[in-house]
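As a plain string of letters, each chain reads:
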Amino acid sequence: MPRPTRDLLRFATVGSVDDGKSTLIGRLLVDTRQLFDDQLDAVAAASAKRGVGDLDLSFVTDGLRAEREQGITIDVAYRYASTPSRKFVIADCPGHIQYTRNMATGASTADLALVVLDVASGLKEQTRRHLCIAALLGVRNVIVAANKMDSINWDRGSFDAVVADVHALAEKIGFHDVLVIPVSALQGDNVVDPSAAAPWYNGPTVLSALENSPSGAWSSQHSGARLPIQWVLRQDGGGRTYAGTLNGGGLHAGDEVTLLPQGVRTTIRSINGLRGDNTEALPGLSIDLDLVAETDAGRGDIIATAPLPQVTSEFEATICWFSDQPLRPGTRLRVKHTTRSTPARVTSVAGHLSLDTLQSLPTEELSLNDIGFVSVTCASPLVIDDYSDNRVTGSFVLIDERTNATVAAGMIGRPAFTTL
Amino acid sequence: MNDPLNMSPSPTTDNRVDSLDLLESHAIFILREVAAECERPVLLFSGGKDSAVLLHLAHKAFAPQGIPFPVMHIDTGHNFPEVLTYRDEAAQHYGVRLLIASVQASIDSGRVSDPGPMGMRNRLQTVTLLDAINEHGFDAAFGGARRDEDKARAKERVLSFRDSFGQWDPRQQRPELWHLYQGKVNPGEHLRAFPLSDWTELDVWQYIQRENVPLPSIYFAHERDVISRDGMWLAVGEFIEARPGEIVERRVVRYRTVGDASCTGAVASNASSLSAIIDEVSTSNVSERGATRADDKFSETAMEDRKREGYF
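Here the protein sequences come in this chain order: A and B.
Under the working numbering, the first residue of the first sequence is numbered 36, with each subsequent residue one higher.
Under the working numbering, the first residue of the second sequence is numbered 21, with each subsequent residue one higher.
Honestly, the hints are just simulated from the structure, not real lab data.
Among the hints, a few may not be true.
Which stretches of chain A does chain B cover? Using the computed rule of at least three CB atoms under 8 Å from a CB of chain B, they are [said to hold, decoys possible]:
no. : segment
1   : 74 to 80
2   : 112 to 120
3   : 222 to 233
We put the beta carbon where it would ideally sit given N, CA and C, even for glycine.
Kindly generate the complete structure, drawing on both the sequences and the hints.
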């Protein structure tokens, strides 16, 4: 009988429209036999109906009517796969610039980015944009599939040129040891099965690279432990415990903790875990804590260990702007950060990221899909870490108060790869 | 440049935490976020395995207090009696208030037309569901849907926005980054919340086994009078009768999903224990909806079309 796995890798496909992301995922799923017979039959029937050959592999994940009609991916498809060594959660993201917010959605929880590019056209602006967003989101591991090698007759020179371009960009934005694999998703070369078409390449296939890359990088943190309180549970007998998902580090009964923003120092009396464990809590898990001190802690407060986060109502951040309406300094919005929401104002826009030079260019406002560097002032203080130290306490979204639309994704601090 | 992110130990490589632990914690996180941010949530409860797991998770999320929202069954009137018995027992077991919204009542009041005694009522549920959400003023409805069930579900957010007509617009989904679930809606609009989004069918069964989640008996192998139609075994009874030429057979079957009794098929199976079911599910060649749901076979985008109208 199969047992729950301990090894899980979440990855997102990134890259420009029409470079073959969905086809590559379709190929990966079909060649590892992840599709049920009826699903494969349905893809074949849909392909025949639209006259796109026997089996249009992109239809495995492009499941919406409009996606199949237009031959593009509009929103992220999540697929689940497992091989003997590992379980995968796959976010197949759209490449079109109009749907950049959906790509960011898919990449925000990924351990790894699988970059797909058309080897004949190389690193397009949209591919650079996606790579920058993935880097800003803190994705550290990258595999690049140089796709459509069959269209250039497996020309080694063209492949080497793409490898050089990729490495130059990767170095600038902080990706190291990026593996570039020559692939034909259409024909199945170097996806699951090694290709005979490129005897000069002796690296791994895409599947083998995915199976051997580090997992769990998304949850890696190097702050202290953080428990944003979601809910106060009243215990039988009158006590209260504070419930939430722990991140950043583990906790033990007896540990000294600080309740923020109140600044109350106290000790953990006991820990309630979901499996009946009560002395130790591990990051990633939902727990509730019984504290020794009587406090007025509630939803939105954070229980933390050293090094402690900062309590402030003003901070600098890097944001991806998702609204058609430009962002101008002074705009009033709502911020959701951990389990706390508060009115906020973007007080200044210091610049936006140039995808060509990776430098900050001065600007008065941010337009749709811009990556910008801003200052934010909140109505009440937040308990924050720099995004590079903790992705939970370092991230936020901005919300339009009238429509409730999510208009920006924010990361506290500035990326290391650009100077202002 | 050193890269501390890659060198620090991470939770998923801690060998004391497995994928079920992470799925459970994430689902509970979602349940609490929606309960905290929305005024009037409700949990949609069909009595199927996914909603059984959802109810169990809701219980764990708020224990030792009770579940802070009611559960609601959209009753097509075409039920398996074992499932109705289970529904009432489960509501009592978890101490939760059970609301029932009836498709029959929607038919009687003329909101939808009667498809006839043998007609499928699955799609009609949408009207009953949206009317009930409106009547009770619910601003969030939890559902047990999973992304691995269908290609349209694979596209849906964990918190899925519905406009004042209850419609889902797959082209205009809200960005949903990290685990920052934002559940604000204007009056008349609502959210669907799917805490089991990232669970697979196998995860659900493994969790049921680990947590001893009670289930309706029809999930386990039993003898039943069935006919073979459209590649499925359909139970002969109140809602399905044999057509000329169809042969009624006594067979050992079980249900892989539980839905409207007029369009949910059984599968031939001897699996009478959770371990046997887990073995069966992990080696199956056919998806659960492909094996058991007539309503998904009508067109290429049957689920998307229903979802756009406001279906689960």
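Hints, verified against the model:
no.: 1; hint: 74 to 80; verdict: holds (count 3)
no.: 2; hint: 112 to 120; verdict: holds (count 4)
no.: 3; hint: 222 to 233; verdict: violated (count 0)
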